[in-house]
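Chains W and S, in that order, give the protein sequences.
In terms of the numbering used here, the first sequence is residues 1 to 415.
In terms of the numbering used here, the second sequence is residues 1 to 415.
Hints were generated in silico from the structure; no laboratory data involved.
Keep in mind that a hint or two might mislead.
Copies of the same chain look alike in the list, so a pair counts if it fits in one copy or across any two.
[To be verified] DSS-like, lysine-lysine: derived pairs with alpha carbons at most 30 Å apart:
1. 264 to 274
2. 415 to 380
3. 387 to 107
4. 198 to 387
5. 243 to 274
6. 368 to 107
Model, not experiment: these values are computed from the prediction.
Number of protein chains: 2
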Amino acid sequence: MRPILAELLTIGDEILYGQIVDTNAQWMSVALDEVGIKVIRKTTVGDQEPEILTAFAEAERRADIILITGGLGPTSDDLTKPCLAKYFNCELRIHEEALAEVTEFFKSRGRELTERNRQQAALPVCCTKITNPVGTAPGMWFEKEGKIFVSMPGVPHEMKKMMTERVIPKLREQFTLPVIQHEIIRTVGIGESILAEKIEGWEKTLPGHIKLAYLPNLGEVKLRLTAIGSSREELKKELSSLKQSLLPIAGEYIYGYGEEPLEKVIGNLLRDRKLTLSIAESCTGGYLSHLVTSIPGSSEYFMGTMIPYAYDIKMRQLGVKPEVLEKYGAVSEPTIVEMANIVRAKFNTDIGVATSGIAGPGGATPDKPVGLVWIAYSDKHQTVTRKLLLSKDRLINIRMASVAVLNLIRLSLPK
Amino acid sequence: MRPILAELLTIGDEILYGQIVDTNAQWMSVALDEVGIKVIRKTTVGDQEPEILTAFAEAERRADIILITGGLGPTSDDLTKPCLAKYFNCELRIHEEALAEVTEFFKSRGRELTERNRQQAALPVCCTKITNPVGTAPGMWFEKEGKIFVSMPGVPHEMKKMMTERVIPKLREQFTLPVIQHEIIRTVGIGESILAEKIEGWEKTLPGHIKLAYLPNLGEVKLRLTAIGSSREELKKELSSLKQSLLPIAGEYIYGYGEEPLEKVIGNLLRDRKLTLSIAESCTGGYLSHLVTSIPGSSEYFMGTMIPYAYDIKMRQLGVKPEVLEKYGAVSEPTIVEMANIVRAKFNTDIGVATSGIAGPGGATPDKPVGLVWIAYSDKHQTVTRKLLLSKDRLINIRMASVAVLNLIRLSLPK
Chain W
1 MRPILAELLT
11 IGDEILYGQI
21 VDTNAQWMSV
31 ALDEVGIKVI
41 RKTTVGDQEP
51 EILTAFAEAE
61 RRADIILITG
71 GLGPTSDDLT
81 KPCLAKYFNC
91 ELRIHEEALA
101 EVTEFFKSRG
111 RELTERNRQQ
121 AALPVCCTKI
131 TNPVGTAPGM
141 WFEKEGKIFV
151 SMPGVPHEMK
161 KMMTERVIPK
171 LREQFTLPVI
181 QHEIIRTVGI
191 GESILAEKIE
201 GWEKTLPGHI
211 KLAYLPNLGE
221 VKLRLTAIGS
231 SREELKKELS
241 SLKQSLLPIA
251 GEYIYGYGEE
261 PLEKVIGNLL
271 RDRKLTLSIA
281 ESCTGGYLSH
291 LVTSIPGSSE
301 YFMGTMIPYA
311 YDIKMRQLGV
321 KPEVLEKYGA
331 VSEPTIVEMA
341 NIVRAKFNTD
351 IGVATSGIAG
361 PGGATPDKPV
371 GLVWIAYSDK
381 HQTVTRKLLL
391 SKDRLINIRM
401 ASVAVLNLIR
411 LSLPK
Chain S
1 MRPILAELLT
11 IGDEILYGQI
21 VDTNAQWMSV
31 ALDEVGIKVI
41 RKTTVGDQEP
51 EILTAFAEAE
61 RRADIILITG
71 GLGPTSDDLT
81 KPCLAKYFNC
91 ELRIHEEALA
101 EVTEFFKSRG
111 RELTERNRQQ
121 AALPVCCTKI
131 TNPVGTAPGM
141 WFEKEGKIFV
151 SMPGVPHEMK
161 KMMTERVIPK
171 LREQFTLPVI
181 QHEIIRTVGI
191 GESILAEKIE
201 GWEKTLPGHI
211 KLAYLPNLGE
221 VKLRLTAIGS
231 SREELKKELS
241 SLKQSLLPIA
251 GEYIYGYGEE
261 PLEKVIGNLL
271 RDRKLTLSIA
281 ESCTGGYLSH
291 LVTSIPGSSE
301 YFMGTMIPYA
311 YDIKMRQLGV
321 KPEVLEKYGA
331 VSEPTIVEMA
341 NIVRAKFNTD
351 IGVATSGIAG
361 PGGATPDKPV
371 GLVWIAYSDK
381 HQTVTRKLLL
391 SKDRLINIRM
401 ASVAVLNLIR
411 LSLPK
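So that you can see chain W by itself, here it is in the shape it has in the complex:
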């Protein structure tokens, strides 16, 4: 079977000049790889008609599928649409359905449709419209002598939704693609290199048609297994048995599989066991609560948070005993134990968790360096604490401490 080839074409001066990083192309590469489409080239050109037209022609010679992002905004520097109309030699005309969609989009936000926005509903007559459910610029699908051109907005969340819900399914219909089966194994609480050493023996048992990739991300490591073959059932069986054989080796670090992030897995555990959660977070400053509440339906188990950022608020509002704070300081085991126990009692929840640390860059003392964080978990049976030594970077510390608390909940929940 001949591989199906794709070229990714990004349009926009802002990427050429380095004002923004093109994260779309990487995301699209992964999404295409997952369905067995081979990306053979990525190209970025600026907002100039001749450059764009040349790029279309070059890509058409090389690839079966040309995926274009960017240049669909309502302003005059956005040229993708007129260039496509010119390239496919057909006129731009208001697309009634697209107009209805963009009108509705503005109406639902209580905003007026301007003439500029109306023009976003003008499409080349030779394309098929792709609905944009989360933005104003529709996508476009062109076919020409067996080649497919797809134009999508450059705004990442709009492009991703369009790719996942419309473009990938349509491409699957159009082409015969090899069977590729992925399995993501999600771990937390262990670094990439230590994990790699631990599972070295297991990795050596992988057959040639199954590849392993390590995808590390601040406090977590995802293992991605990619199996290529002709029978999905066969591949699924093989992957399932590999997952099983990994459990005795690294099971304690595995919190889930597939696409569910740690905060979702924790949320499911809490909901299934009918347990409620409250948070007292200091150095993480709201990020831990944000992770928890980013999950739809989190109000079923998450009751609330106190962020006692100032010393005074820790005492007067949360109620940490002044003598504990004075004797041990805000970043200490006795204080974190108080914080977790108090928030659990005050908010009347089954579980209380807490963070306190030196996120940096300021605030360090000789015995309390930047990156020192205390976390605690409390339920009616036990209070568990952990001392973390993280990095010198504020945002990394905030993220890693929050992930560590989620992991502590996972490990400490009553069985």
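Place chain S on chain W using the hints.
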């Protein structure tokens, strides 16, 4: 003066398949933009000889300078060097100075030089070697009929050091480069298309050598002016006067210039005026506090937050009057006023802000749709509220409501 044009060529399957994000290209764009070299295209190809040779030829037709990264490692899938030798039709030979450098590199790390590593010192005889002070693969500089090809390692810190210390200075010697000056104008509280209409007249006054770009991002729009000329002083003066002339038209939306995000600008305002802030956030679930505390030194003005996610916590912990909650509901103007006033009083701060809304996807009622958010600002002089109608997407609503609160602080702070 004709602009000097560059094309960036990245070589490597790992980027094509999305295994790693290409951050080099963006860094190089910024570095080249700063010295007035115009990047006209970015291309990524895989580790295949025909693809690489075609990309060389295409780039040579378009650009004056072709900057190549990647494919210089010691393994057999690294093809950049043999391809360059073939393209420039000259043989590979051990370069004595390069061999001495790579030998020294290994010696200084107590490692033995393997035959594979020895081959890293083999260079096409028609190139000029560029020393790699932090790695084993030397860079290469080729000249052909006025065109420059530079090949550098793909390892980011090696490439950056080589660019900064060797390549950029050499390019500055070789070409007469224009002066480029940028100005970023940051706006909030107005959509891209409405802003574009508002400043259309101003935009038309821009001279030909100054270009405008819109960079929108959930709730904010950045305007980027790029001026090209021969005198930096002259360009700075022009940009400064353009900034001034924009103020009467759109000044109320402009919160800052350059690289400082909204949360930093708000933090500076609070610190300069010695004002303190507390937050009661419900639907934003911690994200607003996270934005505020992502700024180093925020503990100077930010005292703390209550996230009363559950109804019961709104009453018992925050202290919203039951009769208000019962009569108007949690997502209402009377409740949001209470929340902002109470948190300000309880946390004893100059300013209190609050959010309450339907983030979605659940929780909507016939008169309170997903995306409805109330926000409030309270100080000793006034309480200000805003009703927002945002999107159907939970994370977008969380982000946009948080940005709207920061903007409300900016607009409401005592003068």
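Could you check the structure against the hints above and give me the numbers of any it violates, in ascending order?
-> none
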